[in-house]
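Numbering (the UniProt record's numbering), first residue to last: 1 to 912.
Since the hints were derived computationally from the structure, they do not count as laboratory data.
Check before you lean on any hint, since a few could be wrong.
Stated by the list, open to error - The calculated lysine to any residue pairs, modelled on SDA-like cross-linking and capped at a C-alpha distance of 25 Å, are:
id : residue 1 : residue 2
1  : 62        : 312
2  : 62        : 226
3  : 83        : 312
Stated by the list, open to error - Beta-carbon label-pair distances, calculated as ranges:
id : residue 1 : residue 2 : range
4  : 59        : 135       : 16 to 22 Å
5  : 597       : 206       : 25 to 31 Å
6  : 499       : 875       : 24 to 30 Å
7  : 316       : 836       : 44 to 50 Å
By construction, the Cβ of each residue, glycine as well, lies at the ideal position given by its N, Cα and C atoms.
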Amino acid sequence: GDLNKTLGVQRFQQILTPPQRVPIEQHRTFNEEDFECESFTTDVFVELNELLMDKNQEMHWKETARWIKFEEDVEEETERWGKPHVASLSFRSLLELRKTISHGAVLLDLDQKTLPGIAHQVVEQMIISDQIRAQDRANVLRALLLKHSHPSDGKEHSLFKRNISATSLGSLISHYHSSNHIAAPEPPKDTPQFFGLHKTKSKHELKLLEKIPEDAEATVVLVGSVDFLDQPTMAFVRLQEAVLLESVLEVPIPVRFLFVLLGPPNANIDYHQIGRSISTLMSDKHFHEVAYLADERQDLLTAINSFLDCSIVLPPSEVGGDELLHSIARFQKEILHKRHEQEVKLQAKEPKTLHPPLKPEDDPLRRTGRLFGGVIRDARRRYPKYISDFKDALSPQCMATVIFIYFAALSPAITFGGLLGEKTDGLIGVSELIISTAMQGMLFCLLGAQPLLVVGFSGPLLVFEESFYSFCRSSEIEYLTGRLWIGIWLIIIVVLTVAFEGSFLVRFVSRFTQEIFSFLISLIFIYETFFKLGKIFMDHPLRSCSGREENDTALPTPTSDGRSSDASQTLNQPNTALLSLVLTAGTFFIAFYLRKFKNSAFFPGTLRRAIGDFGVPIAIFIMVLLDYSIKDTYTQKLSVPDGFSVTSPDKRGWLIHPLGSDGQFPIWMMVASILPALLVYILIFMETQITTLIVSKKDRMLVKGSGFHLDLLIIVVAGGVSALFGLPWLTGATVRSVTHANSLTVMSKAVAPGDKPRIQEVKEQRVTGFLVAFLVGLSIVIGDVLRQVPIAVLFGIFLYMGVMSLNGIQLTERMMLLFMPPKYHPEHTYVRKVRTLRMHLFTCLQLVCLAVLWAVMSTSASLAFPFVLVLTVPFRRFLLSRIFTRREIQFEVKSLHPPFRICKRLIIGINN
Numbered sequence: 001g002d003l004n005k006t007l008g009v010q011r012f013q014q015i016l017t018p019p020q021r022v023p024i025e026q027h028r029t030f031n032e033e034d035f036e037c038e039s040f041t042t043d044v045f046v047e048l049n050e051l052l053m054d055k056n057q058e059m060h061w062k063e064t065a066r067w068i069k070f071e072e073d074v075e076e077e078t079e080r081w082g083k084p085h086v087a088s089l090s091f092r093s094l095l096e097l098r099k100t101i102s103h104g105a106v107l108l109d110l111d112q113k114t115l116p117g118i119a120h121q122v123v124e125q126m127i128i129s130d131q132i133r134a135q136d137r138a139n140v141l142r143a144l145l146l147k148h149s150h151p152s153d154g155k156e157h158s159l160f161k162r163n164i165s166a167t168s169l170g171s172l173i174s175h176y177h178s179s180n181h182i183a184a185p186e187p188p189k190d191t192p193q194f195f196g197l198h199k200t201k202s203k204h205e206l207k208l209l210e211k212i213p214e215d216a217e218a219t220v221v222l223v224g225s226v227d228f229l230d231q232p233t234m235a236f237v238r239l240q241e242a243v244l245l246e247s248v249l250e251v252p253i254p255v256r257f258l259f260v261l262l263g264p265p266n267a268n269i270d271y272h273q274i275g276r277s278i279s280t281l282m283s284d285k286h287f288h289e290v291a292y293l294a295d296e297r298q299d300l301l302t303a304i305n306s307f308l309d310c311s312i313v314l315p316p317s318e319v320g321g322d323e324l325l326h327s328i329a330r331f332q333k334e335i336l337h338k339r340h341e342q343e344v345k346l347q348a349k350e351p352k353t354l355h356p357p358l359k360p361e362d363d364p365l366r367r368t369g370r371l372f373g374g375v376i377r378d379a380r381r382r383y384p385k386y387i388s389d390f391k392d393a394l395s396p397q398c399m400a401t402v403i404f405i406y407f408a409a410l411s412p413a414i415t416f417g418g419l420l421g422e423k424t425d426g427l428i429g430v431s432e433l434i435i436s437t438a439m440q441g442m443l444f445c446l447l448g449a450q451p452l453l454v455v456g457f458s459g460p461l462l463v464f465e466e467s468f469y470s471f472c473r474s475s476e477i478e479y480l481t482g483r484l485w486i487g488i489w490l491i492i493i494v495v496l497t498v499a500f501e502g503s504f505l506v507r508f509v510s511r512f513t514q515e516i517f518s519f520l521i522s523l524i525f526i527y528e529t530f531f532k533l534g535k536i537f538m539d540h541p542l543r544s545c546s547g548r549e550e551n552d553t554a555l556p557t558p559t560s561d562g563r564s565s566d567a568s569q570t571l572n573q574p575n576t577a578l579l580s581l582v583l584t585a586g587t588f589f590i591a592f593y594l595r596k597f598k599n600s601a602f603f604p605g606t607l608r609r610a611i612g613d614f615g616v617p618i619a620i621f622i623m624v625l626l627d628y629s630i631k632d633t634y635t636q637k638l639s640v641p642d643g644f645s646v647t648s649p650d651k652r653g654w655l656i657h658p659l660g661s662d663g664q665f666p667i668w669m670m671v672a673s674i675l676p677a678l679l680v681y682i683l684i685f686m687e688t689q690i691t692t693l694i695v696s697k698k699d700r701m702l703v704k705g706s707g708f709h710l711d712l713l714i715i716v717v718a719g720g721v722s723a724l725f726g727l728p729w730l731t732g733a734t735v736r737s738v739t740h741a742n743s744l745t746v747m748s749k750a751v752a753p754g755d756k757p758r759i760q761e762v763k764e765q766r767v768t769g770f771l772v773a774f775l776v777g778l779s780i781v782i783g784d785v786l787r788q789v790p791i792a793v794l795f796g797i798f799l800y801m802g803v804m805s806l807n808g809i810q811l812t813e814r815m816m817l818l819f820m821p822p823k824y825h826p827e828h829t830y831v832r833k834v835r836t837l838r839m840h841l842f843t844c845l846q847l848v849c850l851a852v853l854w855a856v857m858s859t860s861a862s863l864a865f866p867f868v869l870v871l872t873v874p875f876r877r878f879l880l881s882r883i884f885t886r887r888e889i890q891f892e893v894k895s896l897h898p899p900f901r902i903c904k905r906l907i908i909g910i911n912n
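Using the sequences and the accompanying hints, generate a full structural model.
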């Protein structure tokens with residue numbers, strides 16, 4: 001859409017689209033000579049200057065466009081920079097460019113340090129190649145040394161807006177005419193170069209320099225028409241060393257290449273379009289690599305031919321819109337893919353490099369074969385960096401991270417805590433979950449191998465807690481005591497697993513299982529929202545306006561601690577269901593659209609990102625104020641005790657006795673608790689290990705490493721000990737962990753306009769996670785504030801998390817394709833490379849597994865849910881491999897981990 005807006009339908013006539021990078025990792029192999037030359041290949045900043053006449057009827061060079069990967073043009077009317085866009089070139093301009101280079105002057109590795117010296121060599125070479133006459137030497141030299149103006153000059157100090165004086169120019173010409181010196185003389189003090197050496201960088205320059213890579217070198221393109229020439233003249237110059245010509249460019253960047261094209265006004269060529277063509281070529285990665293390594297003119301011509309081979313020419317047509325853009329992108333991707341395959345074949349034929357291969361990274365999941373070898377290796381890898389984990393936190397970015405990750409961790413704790421309190425009749429609620437999140441979170445951040453993980457409660461654990469509570473109630477077994485024995489067995493299981501390095505099993509969890517697991521979590525969130533709303537409508541049905549009935553239950557009277565004395569028995573309240581629906585929907589839509597607002601065009605980027613990052617807290621705050629302002633309508637509020645007390649002091653204390661409150665806990669249940677312990681362990685194992693895999697992906701550029709064995713040991717042991725105090729078990733929360741890692745990611749400022757920033761580093765430290773957990777623990781002190789939060793508001797957050805999670809799962813996309821004709825299918829790899837019926841069969845098999853899991857979870861057999869989930873691993877590994885070919889399955893699972901894509905759309909994601 002942006003490309004269509006930029007070009008317009010009328011510009012689609014006779015247009016050539018230069019090759020763009022495709023998402024294929026291209027690794028180049030060099031022999032020894034190439035390896036030595038590679039150090040000279042760097043990013044290129046291109047500036048196009050055209051010879052124009054100013055208001056004083058004096059000729060000067062004016063910057064009209066620039067390239068920092070994408071093209072930016074100066075708008076003639078407003079003298080401001082337009083929107084970055086993909087350059088579109090006419091086919092004729094490229095042919096004219098190739099013609100001029102084939103007959104023009106090509107100077108490679110020119111040893112000059114100043115603009116006058118470069119200009120003199122260019123003019124002499126033009127004379128030698130019979131492009132200009134000897135008597136035109138002075139005029140061409142004068143033209144090359146004219147002043148340069150830029151769009152920012154009107155806003156900055158005009159220190160450089162002066163021509164070289166006639167005296168200086170005359171002496172310079174006479175000097176070069178009578179001397180054979182190769183090096184240029186010291187420039188006169190009234191030349192722009194002299195003043196440029198003492199120039200102070202302006203705000204405009206500093207802002208532009210942030211977008212240009214630090215090691216970038218510049219290409220200056222000079223094109224224009226003059227009256228004193230009879231035919232066009234061209235010169236392509238590559239300097240031996242990059243030279244700083246600050247009076248020429250708008251920013252102080254060393255210049256490596258110059259392209260000059262001058263000619264008569266009546267020549268049948270478009271100087272502007274040829275200038276755009278060479279500028280676009282120099283901004284292309286493959287062409288400017290050849291320009292750095294070229295030995296002769298033919299190398300440049302061959303590179304132009306390669307550029308033409310990978311470009312697309314559109315015939316004159318009035319057809320436009322998205323369909324045309326999609327066909328262009330698809331065709332060009334195929335062309336570039338073929339070029340990549342040819343490069344790979346050529347590299348295979350080349351002799352192997354003499355340089356030894358790089359040492360492979362130490363795989364944290366590789367088994368050592370020793371007892372507890374994995375844990376020992378994790379500790380040896382991570383703990384030597386312990387001091388730096390605190391030094392690296394001395395950054396304003398880390399302090400900002402603490403603020404909004406606190407909300408990201410507190411919101412689920414309150415939401416899950418409220419639901420957990422309902423499902424366990426108050427035995428475990430908000431108070432216990434907040435304290436557990438704080439204590440286990442601080443412990444993990446102090447001892448864990450990957451402190452970027454955020455431990456928290458999750459949906460599958462909520463399902464297990466509900467199922468186990470129902471089992472204990474039906475069996476007349478004390479629920480908290482049963483959890484204590486599960487915790488004891490958890491410790492035993494994790495110690496045995498870690499001793500034999502069992503974390504390597506996470507390798508077998510493919511995308512097939514990950515998608516099902518992620519989709520199921522999303523469904524749990526959405527289902528819980530509508531189930532609870534339905535229950536509210538049943539308890540408080542909509543009523544007519546005839547007045548209040550006599551047998552209606554009165555509004556509950558608040559007690560001294562602010563809680564309702566009979567909240568659980570409050571029924572048939574007027575407008576309660578309607579207000580609850582408004583609060584749920586309002587919270588969802590505010591959070592949803594504030595998240596979209598983050599990528600809109602309104603307000604400055606900093607303010608826009610801040611609003612998007614705090615979308616969920618803003619939604620909660622607005623809806624709580626709305627509920628507080630409506631005094632005459634009852635809504636169920638969050639039940640939070642005063643201070644550090646349990647949710648139901650009349651039912652339990654802080655310490656759980658292993659033999660039960662009456663000392664009659666059955667011995668058989670102590671042993672049988674190993675079965676539910678295995679189920680809990682499977683849930684914690686899968687979610688924690690998958691989260692660690694996502695956070696530790698190579699493209700995040702983490703340098704301190706992770707520890708699958710050590711982290712699992714700490715989380716499970718901490719959860720097992722917490723059961724002694726009746727606290728919930730926690731796991732590595734995927735959404736919160738990736739959000740935490742994103743917020744600590746430092747993006748490169750050297751980003752081309754219109755391009756996406758790249759990861760520069762990640763602040764790997766322990767302080768932010770520790771402070772977040774500590775602040776969550778302090779939240780229990782503000783119980784009076786939390787008791788004003790309606791349960792319906794938290795339902796809105798659940799709905800938001802569920803819906804946004806579904807948008808990030810490939811299974812969701814393929815489910816949509818089931819109801820879409822093939823001609824409307826998007827251009828995804830798994831759509832183009834796999835037959836439609838086979839793709840639908842794969843999707844249906846996933847849906848069958850999902851339905852089986854949901855059925856197990858919704859019945860009395862819900863305790864077996866983790867076992868059924870694990871069965872999807874051998875189902876995918878052994879059965880699907882017989883139904884589908886390896887190539888088909890490869891395209892289905894070969895892409896980003898779904899949880900990572902989910903987190904980019906959830907709660908407090910960072911705009912990369």
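Hint check:
1. 62 x 312: violated, 31 Å
2. 62 x 226: Satisfied, since the Cα-Cα distance of roughly 15 Å is no more than 25 Å.
3. 83 x 312: holds, 23 Å
4. 59 x 135: 16 to 22 Å: Taking Cβ atoms as reference, residue 59 and residue 135 lie about 19 Å apart, which means the hint holds.
5. 597 x 206: 25 to 31 Å: holds, 29 Å
6. 499 x 875: 24 to 30 Å: Taking Cβ atoms as reference, residue 499 and residue 875 lie about 29 Å apart, which means the hint holds.
7. 316 x 836: 44 to 50 Å: violated, 35 Å
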